[in-house]
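Construct all of the structure, not just a fragment, from the sequences and the given hints.
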Amino acid sequence: MKHRYRTPLSVARGLGSSKDGLSHWWKQRVTAIALVPLVLWFVVSMIALAGQDRAHVMTWLHSPFHCVMFSLFLIVSIYHANLGLRKIYEDYVQVRWLQLSSRVATDFAAVLLGFAGVFALLKQAFGG
Amino acid sequence: MPMTMRERPLSPHLQVYKVELPMMLSGLHRITGIALAVGSILLVAWIESAVYSADAFAALSRFLGSFFGQLMLFGWTFSLIYHAASGVRHLIWDTARLLDVAQILSSSKILLAITIVLTLLAWILGGGFPGGAL
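Which chain is which? The protein sequence lines are E and D, in order. The opening residue of the first sequence carries number 1 in the numbering used here; numbering runs sequentially from there. The opening residue of the second sequence carries number 1 in the numbering used here; numbering runs sequentially from there.
What you were told as hints is all true, and nothing was included just to trick you.
Label-pair ranges, simulated between beta-carbon atoms:
| # | chain 1 | residue 1 | chain 2 | residue 2 | range |
| --- | --- | --- | --- | --- | --- |
| 1 | D | GLU7 | E | ASP91 | 17 to 23 Å |
| 2 | E | TYR5 | D | ILE116 | 41 to 47 Å |
| 3 | E | PHE65 | D | ARG8 | 51 to 57 Å |
| 4 | D | SER106 | E | TRP26 | 26 to 32 Å |
No lab work stands behind these hints, which were simulated from the structure alone. What you are looking at is a predicted structure, and each value in this text was computed from that prediction instead of being measured. A virtual CB, placed ideally from N, CA and C, is assigned to each residue, including glycine.
This is the structure:
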C-alpha cells in the first residue's frame with residue numbers, strides 16, 4: 001500500500017499543500033539549467049558588443065544563431081525571473097489582494113517584455 | 001466537537017541568528033535576482049532602440065556611457081555573474097551534495113572569489129577600467 005504522510009485530521013481540515021509547489025520548483029530548476037549555457041553566450045556576446053556602434057549591433061543581430069540565442073535568452077530568463085518574483089511576493093507581501101495584483105502585473109509585464117523583445121529581434125533577423 | 005486550531009510554532013526572527021557568510025549570500029541571491037529582473041526591462045529597451053531608432057540608441061548609449069550608467073552596468077555584470085554562479089551551487093545542492101556546514105562555508109568563499117574574478121575579468125574584457133571612469 002502507498003504510504004500516506006498526511007493525518008486524517010489534516011485531510012479533513014483541507015489545509016496544506018495546494019499541489020503546485022513542486023511544479024514551481026521544477027520549472028525554476030529546468031529554466032536555471034537552460035540558463036547556464038545561455039548566460040555564457042550572453043556574457044561573451046555583450047563583451048564583444050561593448051562600445052560598438054548601432055550598425056555593428058544590427059549586423060550582429062542579423063545572424064540567425066545570435067537571433068535564436070538572444071530570443072531563447074529573453075524568453076527563458078524572463079520566465080525564470082517571473083517565477084522568482086512570484087516567490088518573493090508570496091514571502092514578503094502579506095496583503096492578499098496586493099500579492100495577487102503584483103503577481104498579475106508581473107505576469108503581464110513579463111509577456112509584454114518577451115513579445116516586444118523577440119518581435120524586434122525577428123524583425124531585424126528577417127531584414128526589417 | 002468545535003474545531004480548534006492549535007497555536008502553531010513560528011520560526012524565530014532573522015535577527016536572533018549570528019550573521020554568517022552563507023546567509024548573506026542567500027540574501028544576495030534574491031537581491032541580485034530582483035536586480036536582474038529590473039535589468040531585463042533595460043535589456044529589451046536596448047534591443048528596441050537598436051532595431052527601431054538611431055536617436056534612441058544614441059541616447060541610451062550616452063546614458064550607459066555616463067558615470068551612473070557605467071555604475072549600473074557594473075552592478076548588472078556583478079549581479080548576473082553572481083546569480084548564475086550561485087544558481088549553479090543551488091543545482092549542486094539539489095543533488096544532495098556539498099550540504100555539510102563546512103562544505104557550505106568553503107563553497108561560499110569559493111563562490112564569492114569566482115564572482116569577483118569573473119566580474120572584473122568581464123568588465124576589463126568589455127573595455128572598462130583602464131583609463132575610463134569605471
